[in-house]
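*Asks:* Chain by chain, the residues run as shown.
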Amino acid sequence: MDLLHTIYLVAITAEAMSGAIMGMRRGMDLFGICLLGTVTALGGGTARDVLLGHYPLGWIANPEYLAFTIGAAIVTAVIARHLHHLRMIFLLVDGLGLVAFTVIGCDVAMSMNAHPAIVVVAGLVTGIFGGLMRDVLCTQVPMVLQRELYATVALFAGVLYVGLLWLGVNNELASLAALAAGFLFRVLAMTFRWKLPDFNGKDIRGLD
Amino acid sequence: MDLLHTIYLVAITAEAMSGAIMGMRRGMDLFGICLLGTVTALGGGTARDVLLGHYPLGWIANPEYLAFTIGAAIVTAVIARHLHHLRMIFLLVDGLGLVAFTVIGCDVAMSMNAHPAIVVVAGLVTGIFGGLMRDVLCTQVPMVLQRELYATVALFAGVLYVGLLWLGVNNELASLAALAAGFLFRVLAMTFRWKLPDFNGKDIRGLD
Amino acid sequence: MDLLHTIYLVAITAEAMSGAIMGMRRGMDLFGICLLGTVTALGGGTARDVLLGHYPLGWIANPEYLAFTIGAAIVTAVIARHLHHLRMIFLLVDGLGLVAFTVIGCDVAMSMNAHPAIVVVAGLVTGIFGGLMRDVLCTQVPMVLQRELYATVALFAGVLYVGLLWLGVNNELASLAALAAGFLFRVLAMTFRWKLPDFNGKDIRGLD
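Chains as they are written, first to last, in the numbering used here: chain A, 1 to 208; chain B, 1 to 208; chain C, 1 to 208.
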């Protein structure tokens with residue numbers, strides 16, 4: 001589906017820019033910025049493919065993806081001081097990208113005849129592991145584990161997509177519906193600051 | 001071997017609970033708690049399978065494992081404030097799980113005709129990498145690298161298991177012996193606070 | 001090429017020692033020191049092989065590599081207080097190892113008929129991911145992302161090697177040229193403290 005591929009390219013560009021910004025904030029040099037941007041953008045799909053044993057990886061079969069992420073990181077390094085004016089556009093592209101990554105991840109797992117639960121997990125991993133790896137490389141507890149309905153949006157979009165396909169809806173329509181509903185959910189979650197319960201558990205005694 | 005499989009299911013449940021507790025202590029939300037519990041429980045087997053190229057991964061072939069780990073994490077989130085009463089049971093299940101993971105990991109590598117040293121390493125990775133990934137996601141230096149005879153127990157159980165098989169002992173008996181001796185070693189190590197030398201090296205000059 | 005293999009064995013020994021030293025500085029026990037040394041030495045090649053789907057991994061096909069890295073870590077634990085006298089030799093071996101890892105990584109990707117850009121990336125990953133994993137396990141932002149021309153040296157050596165092969169130079173000569181030029185570049189970068197621009201970006205506003 002061409003629309004999905006176009007959204008994918010826009011999304012990896014935006015993710016690479018968000019990774020590059022975080023790298024700059026950590027005092028990384030140009031190489032670090034490019035690597036962090038690339039990991040943020042392509043890490044989710046890479047993790048999914050390694051877990052599924054789905055070779056070759058996306059960016060190895062399509063090395064031009066690296067040109068997108070490295071190019072985006074370099075541009076970001078140059079114009080970073082002005083990017084915060086685009087913050088709102090960024091959050092929207094990031095939200096759309098999250099859902100697009102999820103749908104694409106589900107497709108890959110389905111092409112390998114995975115169990116429906118694994119299909120949803122593959123979508124989720126594709127959506128969130130790039131940001132998770134970015135945060136680990138910056139030695140901070142991954143944001144996706146802590147706040148906002150980010151992973152939940154991916155889970156929702158994945159379940160919706162798999163459910164619609166299971167009901168016999170054709171692939172293109174199911175993709176569009178999951179993209180639209182997932183994106184709407186993300187925008188609502190940001191607007192109203194929805195979040196999952198977090199249990200206030202810092203004083204709980206450990207077991208080890 | 002059915003006993004080993006039963007121990008495995010109990011062990012992934014206990015590991016998921018320990019990961020979930022740590023997630024709560026870090027202020028994670030429900031999604032983070034479920035993911036951290038799952039990574040703690042299934043991360044070791046996943047790392048082993050990826051290193052060996054042994055596909056499909058255990059939890060992809062058996063998605064019900066995810067139900068165990070996610071269910072355990074959710075239950076933990078609800079009853080966490082009372083779990084420390086069970087701390088002793090926990091440590092025992094964790095010790096048994098460590099040895100069971102190790103024996104299962106050795107079996108997987110042997111099924112691929114790996115070198116005996118690699119068989120032991122595969123057992124070790126299965127035993128300890130879940131906790132190691134949990135700690136990296138919580139941005140703390142992995143406990144298994146710092147203190148207590150945890151990894152050493154896995155190493156001992158793996159070497160014993162491989163050695164017994166090499167001596168011609170049948171698989172079931174060798175598994176039982178490794179489980180029993182490894183578990184006993186772990187209990188003794190905890191009781192008497194055995195530990196490896198740690199060299200007091202914080203003032204050593206680096207090389208970079 | 002025998003020279004390359006010899007350099008490889010010397011290099012994994014040196015990398016294992018550097019990882020072991022860092023483990024000691026973090027208060028790790030003997031097991032942690034051995035594991036950190038091994039990950040530092042073999043992590044780059046492991047990451048490359050997992051990304052390329054190139055099985056079996058180097059150290060699984062050649063378990064004797066583990067004997068080198070574990071042996072080096074144990075020796076390091078014993079003599080660590082005297083090692084800083086060897087700091088200069090260390091940096092030179094480390095620089096040579098970086099370039100040798102890169103050339104070997106390129107070779108592996110070429111043996112799988114990868115795109116030239118992927119060949120260079122494979123060399124780069126082989127050269128730098130061991131140190132990157134070491135730093136993540138020690139919960140510090142990877143040094144390779146922050147300072148000095150370390151990754152850049154790998155990139156340069158990889159591009160030079162691939163370029164020479166593309167020009168029709170034979171493999172042995174291209175390896176030697178990349179080793180020599182890359183090593184020289186590394187020595188110059190250390191001597192004159194060359195570094196990439198780092199943008200002074202700590203005050204830049206994030207996008208999330």
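Any given hint could turn out to be false.
[Unchecked claim] DSS-like cross-link-like pairs, simulated, lysine-lysine; straight-line CA separation at most 30 Å:
| id | chain 1 | residue 1 | chain 2 | residue 2 |
| --- | --- | --- | --- | --- |
| 1 | A | LYS202 | C | LYS195 |
| 2 | C | LYS202 | B | LYS202 |
| 3 | A | LYS195 | C | LYS202 |
| 4 | B | LYS195 | C | LYS195 |
| 5 | B | LYS195 | A | LYS195 |
| 6 | B | LYS202 | A | LYS195 |
[To be verified] Negatives, chain C to chain B, calculated, CB over 12 Å:
| id | residue |
| --- | --- |
| 7 | LEU3 |
| 8 | ARG26 |
| 9 | ILE33 |
| 10 | CYS34 |
| 11 | PRO63 |
| 12 | ASP107 |
| 13 | HIS115 |
| 14 | LEU196 |
It should be emphasised that the hints constitute simulated quantities derived from the structure, not laboratory data. Quantities reported herein were computed from a predicted structural model and do not represent experimental measurements. Cβ atoms here follow ideal geometry from the backbone N, Cα and C, with glycine treated the same way.
*Asks:* Against each hint, give a clear statement of whether it holds in the structure.
*Replies:* Here is how each hint holds up against the structure:
1. LYS202(A) - LYS195(C): violated, 41 Å
2. LYS202(C) - LYS202(B): holds, 29 Å
3. LYS195(A) - LYS202(C): holds, 29 Å
4. LYS195(B) - LYS195(C): violated, 43 Å
5. LYS195(B) - LYS195(A): Outside the cut-off at roughly 43 Å; violated.
6. LYS202(B) - LYS195(A): violated, 41 Å
7. LEU3: Answer for LEU3(C): holds, closest chain B Cβ roughly 24 Å.
8. ARG26: The assertion about ARG26(C) is violated, with a minimum of 6 Å to chain B.
9. ILE33: violated, 8 Å
10. CYS34: Given a closest Cβ separation of 9 Å, the condition is violated.
11. PRO63: Not fine: 4 Å to the nearest Cβ puts PRO63(C) too close to chain B.
12. ASP107: holds, 20 Å
13. HIS115: Fine: 22 Å to the nearest Cβ keeps HIS115(C) off the interface.
14. LEU196: Per Cβ check, LEU196(C) is outside 12 Å of chain B; nearest 17 Å; holds.
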